[in-house]
Amino acid sequence: MTNQTDTEQTSSLTYLAWLVPGIPLVWGVWQTLIKVAQLFQ
Amino acid sequence: MGFLDREHSVAGPGWSRWLVPPAALAVHLSIGQIYAYSVFNKPLSRLISGDVKAETGAPGDWSLLQVGLIFSVALFFLGASSALFGKWVEREGPRKTMFTSALLFCGGFLIAALGVSQHQLWLVLLGNGVIGGIGLGLGYISPVSTLIKWFPDRPGLATGMAIMGFGGGALIGSPLGTALMARFAGDGTLGVGSTFLIMGAVYFLFMLFGALMVRVPAEGWVPAGFVPKVNAAGGMISNHNVLVDQAFRTPQFWLLFAVLFLNVTAGIGVLGQASVMIQEMFSDKVLGAGNGVTAAAAAGFVGLLSIFNMGGRFFWSTTSDRLGRKPTYMIFFALGTVLYFLIPLFGTSANLILFVIGFCIIISMYGGGFATVPAYLRDLFGTANVGAIHGRLLLAWSAAAIVGPSLVNGFRDSQIKAGIPAAQAYSTVMYIMAGLLVIGFVTNLLIRPVASRYWASPQPTPPAGQQAAND
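Same order as they appear, the protein sequences are chains A and B.
According to the working numbering, the residues represented by the first sequence are 706 to 746, in order.
According to the working numbering, the residues represented by the second sequence are -2 to 468, in order.
Just chain B, same shape as in the assembly:
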């Protein structure tokens, strides 16, 4: 399988770098399906009863709590594998990594299909959670690191193009999963088993396209006319590389870890509760009988948030090429704080339009935080090891995925137990989120250029004004 090796994926003369983003997008759009996994939750919890509309399952059916574990395990293994295998990804190159990711992510679907047909939860957890989760981690960091190397002149645009796909994966995965389950509803597993098999095969072909199409730039390649800026943006853009183990020892890594953790925590909890929240804050009691937000309308709200989650990844990341990474995060934290303070006000004044606009902006910045952080890392630590460093930083995401939803759900439940009406129960949560974003603002303010003692070599990379190729 020599064609998978890094040396066989080096771009030859005349290869356009604009062929690489579709390869990255194909992988990220596939693995982003995990964000739509919740479409399987209800059917998975009704496999024995066979009635997906039933209020409760039959004896022996898995509970929604058990089924919800699959998503959490997958996200945990995403963070863990990207941290563990980051160095391997950099060494072996994107083609082998993407191919391995496809085998694991799609193979996971096949194992999960077996688990569904045998009604063995551990097999589904192993397939979609553990093995699929490792595939997610490998597939997430590899395209990002590759695109940064192809677009040293616009790293924000590069990372935005790839990570936008991860946000957009849910937009495809959700209707595709729903349509396939409806088509194969009579297969004895409410269509879930067949859907997993088909999705495994389709996503494998899609990811294989990415693996075959991806190229790494030749040694010393830079885009035509590109001259690296020396000490640009007040020294925040470095031309020096830092090794991954050294990066781990810098205060900048941990400050950025906190920045990502706080930005994700503030968004992820609300994103998970969006449907319930809008129905409770704008119920018939608040808006008048018959005017409350229905479940179908709430699903529309969640869909709108998904579009802004995806669009924000591209918009903010690309914008950061002009504004700078640090100012972009300043906007996330400052604007996010203001909006989180205003949202309870929109709720009490029953202003649904402003509520929806406010959350769309917040979620666009949540996505933007994911997409901008690899470019921030590249600015601080150089291009050479950005994939491995990014992999370790993603542990902040895993941590936030646990803390964010616990904060939102925990405070909401305690408020309701204290007798506060559901419509107002979210106010405290919003103020806590605003507080987290204030801490994030200060943390981001503290980030300074990396000290020269951490640099891997005195030679700056990429070499200034060396070679030029196609743009």
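Chain A extracted, bound-state conformation:
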């Protein structure tokens, strides 16, 4: 292997790959924050 930088293709694949766990995680955090709001009411 040589010292290379990310290809454009790998770079966009990386962004897409992060969306797969990112979307449900953000949804889960949002749902939890709605519950948390009750604590401070």
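Don't read these hints as lab results, they were simulated from the structure.
Source: prediction; values computed, not measured.
Heads up, a few of these hints could be off.
[To be verified] Straight line, CA to CA, 27 Å or less: simulated BS3-like cross-link-like pairs of lysine-lysine: (1) LYS740(A) - LYS84(B); (2) LYS226(B) - LYS323(B); (3) LYS414(B) - LYS282(B); (4) LYS39(B) - LYS50(B); (5) LYS414(B) - LYS740(A); (6) LYS740(A) - LYS50(B).
[Said to hold, decoys possible] A few chain B residues facing chain A, derived, Cβ under 10 Å: (7) SER13; (8) LEU26; (9) GLY165; (10) GLY166; (11) SER171; (12) PRO172; (13) LEU177; (14) PHE201; (15) GLY207; (16) ILE275; (17) ALA296; (18) LEU351; (19) GLY355.
We put the CB at the ideal spot given by N, CA and C, even for glycine.
Given the coordinates of chain A, work out where chain B should sit on it, guided by the hints.
Just chain B, lined up with the frame of chain A:
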């Protein structure tokens, strides 16, 4: 199924290592669902009566104690399987391990769904507890070990990214389970059976993404510009590998075992009792009629703790790359001790805000302890066998999962029986937790670099300045 073999998952030239954390996260976010299993407890205990709001179940309904066993059995098998199969995980590689984990964890849901429809508790225990628990163990250690190999320059960041997912799994699993049960409430099992089937299928696809996306670095690969530090952090970062059976014989392994056990014991008991505790310590009697913490607000408190549990895993583990593992644990134990001493004071002075802040910090350090320990192991025992060694160390978690809640519940109950008001019954428990953390501080202080007689070979790994690839 050759594509599952280690040799077929070796990254080719141009593969970005930043593609590996999402794969690890997908697996950990899925198996972390086990932390949200309690959303099924009440419906599972009302399957015959069919009324989830009823105070008691119908004759033949399972008790909450019986249903609670499922979570305990799953955690026991998590620890046992990670200890037993650690060597297999290292040998076969992450793709086969993650795929096996997906089959077991999600297959467990299908067996449990059958158990629910037939009202056979042993089938649910077998599915979610035993088979699912083995899937948990395999799925827990494999991504961690893989990420450590991809990020030798920032192992704390690597382990934080993966183990953060295990903490975050509850944030997804809890609302998802609740929503699915509400949607399928009329299926004759209060929605539990259908929810298990759907969760089994959805989590399988999610974990399959992780298994297909994961890669191992090629032999001798190191990140661009990375030069291993020789005897860094006072010799606490070793470039030598220790075999798993040798690691088991070192005092460092057992000291670290005690460190993890004490850190987890101090957090897990309180985490399990958080909802009841805040309602009892800040009841109407303490804050005045109508001002006490309600069940809904307590659920918000538990949710907040879950967020700090997840965030702490990433924050503390990443911070440990700068501070060093040993100083990071020193902070956990010292700051934890101070906070546990102060919390009864926040209770008696009815200061809810400081109480909540204090517990958020404590739980962030509880999560941080889980995420930092694989990097600590890597520093002491090298990269090559870290997954297998980590697997054995997780037995400390299994032990703490039994001791922690027993300590908190046992002392609380004995205090109340002795006539102490519920609001003050937790003070003794907090002081005991502080005492445990003092022992943990001393134990961590005793950890020294591993002696050279335990090294597997005189050749340090990863090879210094060999190859470089994409970052």
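Status of each hint after checking the structure:
1. LYS740(A) - LYS84(B): 42 Å, violated
2. LYS226(B) - LYS323(B): Roughly 17 Å between the alpha carbons, so the hint for LYS226(B) and LYS323(B) holds.
3. LYS414(B) - LYS282(B): Roughly 19 Å separates the two Cα atoms, so the pair holds.
4. LYS39(B) - LYS50(B): 9 Å, holds
5. LYS414(B) - LYS740(A): 33 Å, violated
6. LYS740(A) - LYS50(B): This hinted pair holds, its Cα atoms lying about 20 Å apart.
7. SER13: At 5 Å from the nearest chain A Cβ, SER13(B) passes the 10 Å test, so the hint holds.
8. LEU26: Hint on LEU26(B): holds, closest Cβ of chain A at ~5 Å, below 10 Å.
9. GLY165: Nearest chain A Cβ about 5 Å off; hint holds.
10. GLY166: Because about 8 Å separates GLY166(B) from the closest Cβ in chain A, which is inside the 10 Å limit, the hint holds.
11. SER171: With a closest approach of 8 Å, the SER171(B) hint holds.
12. PRO172: Holds, because the Cβ-Cβ distance from PRO172(B) to chain A comes to roughly 4 Å (cut-off 10 Å).
13. LEU177: Where the cut-off is 10 Å and the nearest Cβ of chain A is about 13 Å from LEU177(B), the hint is violated.
14. PHE201: Result: violated, 14 Å to nearest chain A Cβ.
15. GLY207: 8 Å, holds
16. ILE275: 9 Å, holds
17. ALA296: 5 Å, holds
18. LEU351: Violated, about 14 Å.
19. GLY355: Given a least distance of 14 Å, the restraint on GLY355(B) is violated.
This entry does not satisfy hints 1, 5, 13, 14, 18, 19, going by the numbered hints stated previously.
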